[in-house]
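Based on the provided sequences and hints, a complete structural model is requested.
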Amino acid sequence: MSKNIKSRGYAGKDVAGQMVPWNFERRPVGDNDVLIEIKYSGICHSDIHTIKGHWGQQKYPQVAGHEIAGIITAVGKNVTKFKVGDQAGVGCMVNSCMQCDSCKSGEEHHCETGGMVGTYGTPEASSPSGITQGGYSNNIVVTEHFAIKIPKNIELKYAAPLLCAGITTYSPMMKVNFKKGDKIGVIGIGGLGHMAVKLAVFKGAEVYAFTTSPSKIKDIKGFGAKEAIVIKSAEDLKPYKGKLDFMISTVPYAYEMSPYIDCVKKYGYFTQVGQPINGELTINNFNMIFNRVNFNGSLIGGIPETQEVMDYCAENKIYPQIEIINASQINDAWDKVVNKEARYRYVIDASTF
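For what it's worth, the working numbering labels the leading residue of the sequence shown as 525, then goes sequentially.
Please keep in mind that the hints were generated in silico from the structure rather than gathered at the bench.
All C-beta atoms, glycine included, are put in the ideal place defined by N, C-alpha and C.
Don't take each hint at face value.
[As the list claims (entries may be wrong)] Here are the simulated DSS-like pairs of lysine-lysine, each with C-alpha atoms no more than 30 Å apart in a straight line: (1) Lys-790 / Lys-750; (2) Lys-765 / Lys-699; (3) Lys-765 / Lys-841; (4) Lys-703 / Lys-767; (5) Lys-704 / Lys-789; (6) Lys-607 / Lys-530; (7) Lys-841 / Lys-790; (8) Lys-576 / Lys-601; (9) Lys-745 / Lys-756; (10) Lys-860 / Lys-841; (11) Lys-537 / Lys-583; (12) Lys-841 / Lys-673; (13) Lys-530 / Lys-576; (14) Lys-605 / Lys-530; (15) Lys-681 / Lys-601; (16) Lys-762 / Lys-742; (17) Lys-727 / Lys-699; (18) Lys-767 / Lys-860; (19) Lys-750 / Lys-681; (20) Lys-765 / Lys-790; (21) Lys-790 / Lys-745; (22) Lys-727 / Lys-790; (23) Lys-756 / Lys-742.
[As the list claims (entries may be wrong)] Label-pair distances were calculated between CB atoms; the ranges are: (24) Lys-607 / Lys-745: 39 to 45 Å; (25) Phe-814 / Gly-654: 48 to 54 Å; (26) Arg-532 / Gln-581: 25 to 31 Å.
Below, the structure written as structure tokens:
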């Protein structure tokens, strides 16, 4: 296993964001590494933002994808967490310094030395292409610590989206320690938002889902939400002012936030997980000084918490609503994600790369 691993996938070549077939190589399987034969890879809006340069200048060619589920086909000599044949997944990061307080406490995504290595597009000396390459491909080599065990009682196609959409919504909701019966608002019912609804409902919350898509109302009710509210203007939010205990927004673009934030009770929390272009959001501080709501952002979750949500969803049969596509359909799927047509997570069949 001293040779580079041949891989094939789909990569973006420039900011135009058209994904095209690309053959490339991954690093050899090291002593602490596992080789995963990818079976399914979810499509996240982050993939689109990154390849199109919305979050900063990129190096190309670049393979996106950080919702990866597959089978272990090789292990390094020091690996104890996995054996060949195990189901395993990779989420949004593939390495960190593992020395700082955050890494040692299971919050590797907040690595204090700047050492968190994203699953794609991050400079990495061990990568033959100079950057990490993601899951729109047939295999991946990753340090065993950053691979997630996927229980046998969940199909890989459902497990994949949990590695970003699942953990990104699960982590901040767990941090607020909401109680059964608390009123939770979810803004934006797409790949992340529909998982937020399902998780909050299963945990006993009374969920209010806010969407701009009337066609999603029936689905949202099916996910267990108490109310599905279609928003056409700020006026539609006034009946909910000060009513919610917590609110999470998955909207990946800048939008008028203040009327939504006003829906949270004083001293409650509003968490933004959707990341707009260049990270820029506008908040009206006149609203904030009067509503006294705590605003924060949230990234993903550490490896222990990602394993936790995977196990929780497998045990309780909390599955994302997915549509399986072939690799040749990636660009079309990206257009549909941007146009709010996804229902609700596109998952690529990796056998088609």
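- Query: Are Lys-537 and Lys-583 close enough, with their CA atoms no more than 30 Å apart?
  - Reply: holds, 9 Å
- Message: Given the hinted pair Lys-790 and Lys-750, is their Cα-Cα distance within 30 Å?
- Response: holds, 22 Å
- Message: With the threshold set at 30 Å, check whether the alpha-carbon distance from Lys-530 to Lys-576 stays at or below it.
- Response: Given that 30 Å is the threshold and the Cα spacing comes to 26 Å, the pair holds.
- Query: Straight-line Cα separation of Lys-607 and Lys-530 no greater than 30 Å?
  - Reply: Roughly 21 Å separates the two Cα atoms, so the pair holds.
- 48 to 54 Å as the expected CB spacing between Gly-654 and Phe-814, which holds or is violated: Given about 50 Å between the Cβ atoms, the range holds.
- Task: Compare the distance between the alpha carbons of Lys-756 and Lys-742 with 30 Å, and conclude whether the hinted pair is satisfied.
- Result: holds, 18 Å
- Does Lys-765 pair with Lys-841 here, judged by a C-alpha cut-off of 30 Å? Not OK: Lys-765 and Lys-841 at ~34 Å, beyond 30 Å, violated.
- Message: Run the distance test for Lys-681 versus Lys-601: straight-line Cα separation, threshold 30 Å.
- Response: holds, 29 Å
- Message: Check the hint pairing Lys-765 with Lys-699 against an upper bound of 30 Å on the C-alpha distance.
- Response: Given pair Lys-765, Lys-699 holds - Cα atoms ~23 Å apart, limit 30 Å.
- Task: Given the hint that Lys-727 pairs with Lys-699, test it: the Cα-Cα distance must not exceed 30 Å.
- Result: This hinted pair holds, its Cα atoms lying about 13 Å apart.
- Message: Within 39 to 45 Å: is that where the Cβ-Cβ distance between Lys-607 and Lys-745 falls?
- Response: holds, 43 Å
- Does Lys-790 lie within 30 Å of Lys-727 when you go C-alpha to C-alpha? OK: Lys-727 and Lys-790 at ~23 Å, within 30 Å.
Checked against the numbered hints given earlier, this structure breaks hints 3, 7, 8 and 18; the rest are met.
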